[in-house]
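> Here the structure of chain A is known, so what remains is to put chain B in place on it, guided by the hints.
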Amino acid sequence: MIQTSSLEFTYQGREKCTLSFPDIDLPPQEDLLILGPSGIGKTTLLHLLAGLLPPKGGDVFISNTCINKLTRKQLDCFRGQHIGLIFQRPYFVRSLTLLENLNIREQLSKKKKDLYRREELVEQLGLSNLQNKRIHQLSEGQQQRLSIALGVIHKPKVILADEPTSNLDDINCEKVIRLLKKEAQICKSNLVIITHDHRVKTHFDNHLVL
Amino acid sequence: MLSISLATFVLQVRNQLNQHLEKNIKPFDMVIGAKGSPLQLVLSSVLHIDNPTGNIPFKEALKISKNPMVKEITAVSYGDNYKGVRILGTPIEYLTKYNAKLREGKLYEKPFEVVIGNYVAKKNNLSVGDTFVSAHGLAENELEKHNEKPFVVTGILKPTGLIIDDLIITNLESIWEVHEHEDEHIHHEEEHDEQREVTSLLVKFRNPIGALQMSGHINKNTTMQAALPKFEIERLMKFLGIGFKTINGIAIAILLVAGLSIFFNLIKTVRERKQELALLRTYGANTLQLVKLVFLEALFLSLLGSVLGWLIGRISLWFFSTFAQNLYGYHFVFSPPNNRELIVLILVILTTLLAAILASLSLFKLNVSKTISNA
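These protein sequence lines are chains A and B, in that order.
Our numbering numbers the first residue of the first sequence as 151 and each following residue consecutively.
Our numbering numbers the first residue of the second sequence as 344 and each following residue consecutively.
You may find that some hints are simply not true.
Unchecked claim - Cross-link-like lysine to any residue pairs, in silico, SDA-like; alpha carbons within 20 Å at most:
#1 B:K713 x A:E158
#2 A:K332 x A:Q274
#3 B:K708 x A:C227
#4 B:K713 x A:N218
#5 B:K635 x A:C227
#6 B:K708 x A:L220
#7 B:K708 x A:T160
#8 B:K617 x B:L706
#9 A:K338 x A:S213
#10 B:K617 x A:I285
#11 B:K617 x A:Q238
#12 B:K611 x A:V243
#13 A:K283 x B:E619
#14 B:K635 x A:V243
#15 B:K713 x A:C167
#16 A:K223 x B:L636
#17 B:K713 x A:R239
#18 A:K223 x B:L706
#19 A:K206 x B:K708
#20 A:K223 x B:K635
#21 A:K261 x B:L631
#22 B:K635 x A:N253
#23 B:K617 x A:R244
#24 B:K635 x A:E250
#25 B:K402 x B:E540
#26 B:K635 x A:L246
#27 B:K713 x A:R164
#28 A:K166 x A:P204
#29 A:K223 x B:K708
#30 B:K713 x A:G163
#31 B:K617 x A:L246
#32 B:K453 x B:G472
#33 B:K713 x A:V243
#34 A:K351 x A:S316
#35 B:K409 x B:E540
#36 B:K581 x B:Q362
#37 B:K635 x B:L697
#38 A:K261 x B:T630
#39 A:K223 x B:Q632
These aren't lab readings, by the way, just hints derived from the structure by calculation.
Since the model is a prediction, treat every value here as computed from it, not as a measurement.
Isolated chain A (complex conformation) (with noise of 0.2 Å):
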């Protein structure tokens, strides 16, 4: 569940303008889809959401815990816990193999170890057999798997997903549009995309435009 209320920000050293967002609220287990031209904040909103920036005012609640009340550490440990990024980009541990970089984000989350849960997601994402290669020999789309398997392993509340599939082809993009409502079903969390690809919107009934 997530909800916001008049939520603002400013970006350091451009105190003057403001951006101000809609409110939100998302009962559990929905899908959320925002969409918007490039520049608007998309992205400062998703990172509003999973706290990676403090907001200028108003107040974010996800599964009724006000996260920018927190303290920091507190913070770190929630977002851990419950919450699950994706990025447009993929970024990994480097010099860790697939199923490390699996590992340190499930150690980080401090929820215990599921080892069922791993495989089967491993499984599904086509990944089995990848376990023990670097991040640099697997391939894009198999990056792109192990990205979204990152931000889902350990069963976050919320999915909160920036771009997703703007590298995509449509059959991947597909692709990974299926696995992530899937994984949001497994997890019983919620999703949140942000995208300007249209490609995506005819998945999602729920639609928030900035």
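For chain B alone, coordinates are given in the frame of chain A:
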């Protein structure tokens, strides 16, 4: 790493050189020889590296030994070498001064029987029963060989780590006989005993005051000179000290530069891996955990560097040792880390930790959102 190699190397060379010199001069309080440089006398007669200052009459030696302050007197005489190894003529007591024990064979009894040091035996492949001819002088040469009188190896000494490892030792008579044989062509009818000479006398006193009194007396009233090895070596170390200080200074400078480079490297690492660190933050890692990560990495690097540096220092010491052994008959032992090296190690780790602290300051200001989205 490089600076640690250098620092440990210098420290070891100085330490071992000091110990080496101390151990070698310990048995003797005073050296009496021909007039010349006292340092040269000590270097030649005790440490066997320089050329002797000349010879002194043997009967003078006998006079000195009657002095009540003198505990023991050991005459040494040079003349020949075998492949550059000095042949030292001296009574058997010389060996007991250095606690040298035989590895095999027996001690020399007659002229032209020799006992050889462990290193000499190894280097020249000599074993008990072998014979060799000596060459005149102290440097290797092919021209002046005493072919008529070969020496026989009767014993090989156990390694001592002292100067005698690199000596061939025989009795005084052997040296005299080799050269008398030559001299016969020139001084036919002279009485040998009267003109017998030794290179120097190594004196042990009953108490240290005796050494001071007697050296004054000898230097003033005789044609010989007396030198106190301890004093001369201290003087020598003072001269060398400047060199060591310079090298030490260089090592410290390199250490500083290394510290700086560790520091910049860490900052660079933090900067280059900013994205990975930011990623770990989105995974729920807090700043403290990232700081820990940087510290662990710094600690690991500095420890690895120290250990490798120390090893390289020791390996170069070993190379230097083989080189020095050939030139000067010195060799260094592979010793475990000592206190000073531990201090260097601690300094290195402290520098690295300081660098890590400074490098991790930027982690507190890490803007995760910006780092992630500006990729």
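> Report the numbers of all earlier hints that the structure fails to satisfy, in ascending order.
When the structure is compared with the hints, none of them turns out to be violated.
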